[in-house]
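*Asks:* Spelled out from the first residue to the last, the chains are:
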Amino acid sequence: AQKVTQAQTEISVVEKEDVTLDCVYETRDTTYYLFWYKQPPSGELVFLIRRNSFDEQNEISGRYSWNFQKSTSSFNFTITASQVVDSAVYFCALSEAQGANNLFFGTGTRLTVIP
Amino acid sequence: EAGVVQSPRYKIIEKKQPVAFWCNPISGHNTLYWYLQNLGQGPELLIRYENEEAVDDSQLPKDRFSAERLKGVDSTLKIQPAELGDSAVYLCASSLSLAGGMNEQFFGPGTRLTVL
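Residue numbers (the working numbering), protein chains in the order written: chain A, 55 to 169; chain B, 87 to 202.
Chain A on its own, in the form it takes in the complex:
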């Protein structure tokens, strides 16, 4: 069975600090996909990144970076030089190839960036 754990319920940082959001997943499939979504106060989930299980290369996009480690079943998300606009709830999600594209979400981490 699949499971996504985001142990950090809430995090507060001061603007310009770096912050890492943790995500640990469980799956029996060898082929799966991992996602991060951002949910600002407006409520709409915004897609940030998708990685497949065969690509463990870390990825950087501007101030965002992702560290995928199959050995520890983790897919962590780092925001560098955080900004107030980064304040939101961030969800990690898993989709199994055998699961027909259904997404299983973690419980989310609420990030507050203090100016």
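Be careful, since some hints might not be right.
Label-pair distances were calculated between CB atoms; the ranges are [unchecked claim]:
#: 1; chain 1: B; residue 1: Gln127; chain 2: A; residue 2: Val138; range: 24 to 34 Å
#: 2; chain 1: A; residue 1: Arg117; chain 2: B; residue 2: Arg95; range: 29 to 39 Å
#: 3; chain 1: B; residue 1: Lys164; chain 2: A; residue 2: Asn112; range: 39 to 49 Å
#: 4; chain 1: B; residue 1: Lys164; chain 2: A; residue 2: Ala151; range: 24 to 34 Å
#: 5; chain 1: B; residue 1: Val91; chain 2: A; residue 2: Ser125; range: 18 to 28 Å
#: 6; chain 1: B; residue 1: Lys157; chain 2: A; residue 2: Ile65; range: 41 to 51 Å
#: 7; chain 1: B; residue 1: Gly171; chain 2: A; residue 2: Thr166; range: 23 to 33 Å
#: 8; chain 1: A; residue 1: Ala151; chain 2: B; residue 2: Ser144; range: 39 to 49 Å
#: 9; chain 1: B; residue 1: Lys157; chain 2: A; residue 2: Lys124; range: 21 to 31 Å
#: 10; chain 1: A; residue 1: Ser125; chain 2: B; residue 2: Lys102; range: 44 to 54 Å
#: 11; chain 1: B; residue 1: Gly126; chain 2: A; residue 2: Ile168; range: 13 to 23 Å
#: 12; chain 1: B; residue 1: Gly126; chain 2: A; residue 2: Glu110; range: 27 to 37 Å
#: 13; chain 1: A; residue 1: Glu69; chain 2: B; residue 2: Lys102; range: 44 to 54 Å
Hint data in this document are derived by calculation from the structure and do not stem from the laboratory. Note that beta-carbon positions come from the ideal geometry of N, C-alpha and C, so glycine has one too.
On the provided structure of chain A, position chain B as indicated by the hints.
*Replies:* Using the frame of chain A, we list chain B on its own:
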């Protein structure tokens, strides 16, 4: 390009009343999803459509929930009768699903339901 459209954005009803939510996916997206998001939780899938066909409704409480996607475009999710525990945000998402691929889902703003 227009995103996923949902209406209404907010709905307040009394328990035992019926309620319906509407979703218009991104043009050309063949797959449509309805999710339920309780406060402080991640979204949970209720039903997934591939074109007109409901291919996964295993998590839909069929005694009171129903959904349809006529003509394979927009969709309606209904609750009848609503219960207090149905208070939540109902999210619609769509994707362009291709054979052997995994495409990201695009979400609408959701409908926040409050049952009194």
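*Asks:* Quick one: are A/Ser125 and B/Lys102 within 44 to 54 Å, going by C-beta?
*Replies:* holds (52 Å)
*Asks:* Using the C-beta atoms of A/Ala151 and B/Ser144, is the stated range 39 to 49 Å upheld?
*Replies:* violated (18 Å)
*Asks:* Taking 29 to 39 Å as the hint, is the beta-carbon distance of A/Arg117 and B/Arg95 inside that range?
*Replies:* holds (30 Å)
*Asks:* Could you see if the CB distance from B/Val91 to A/Ser125 stays within 18 to 28 Å?
*Replies:* With Cβ atoms ~42 Å apart, the hint is violated.
*Asks:* The hint says 39 to 49 Å between B/Lys164 and A/Asn112; measuring C-beta to C-beta, is that right?
*Replies:* With Cβ atoms ~45 Å apart, the hint holds.
*Asks:* Could you tell me whether the CB distance from B/Lys157 to A/Ile65 stays inside 41 to 51 Å?
*Replies:* holds (44 Å)
*Asks:* How does the Cβ-Cβ distance of B/Gly126 and A/Glu110 compare with 27 to 37 Å: does it lie in that range?
*Replies:* Since the Cβ atoms of B/Gly126 and A/Glu110 sit about 31 Å apart, the hinted range of 27 to 37 Å holds.
*Asks:* For B/Lys164 and A/Ala151, compare the CB-CB distance with the range 24 to 34 Å and indicate the outcome.
*Replies:* holds (32 Å)
*Asks:* For the hint 21 to 31 Å, verify it against the beta carbon of B/Lys157 and that of A/Lys124.
*Replies:* With a Cβ separation near 42 Å, B/Lys157 and A/Lys124 fall outside 21 to 31 Å, so the hint is violated.
*Asks:* Range hint 24 to 34 Å: satisfied by the CB atoms of B/Gln127 and A/Val138?
*Replies:* With Cβ atoms ~25 Å apart, the hint holds.
*Asks:* How does the Cβ-Cβ distance of A/Glu69 and B/Lys102 compare with 44 to 54 Å: does it lie in that range?
*Replies:* holds (48 Å)
*Asks:* B/Gly171 and A/Thr166, beta-carbon distance inside 23 to 33 Å?
*Replies:* holds (29 Å)
Against the hints set out earlier in the document, violations occur for numbers 5, 8 and 9.
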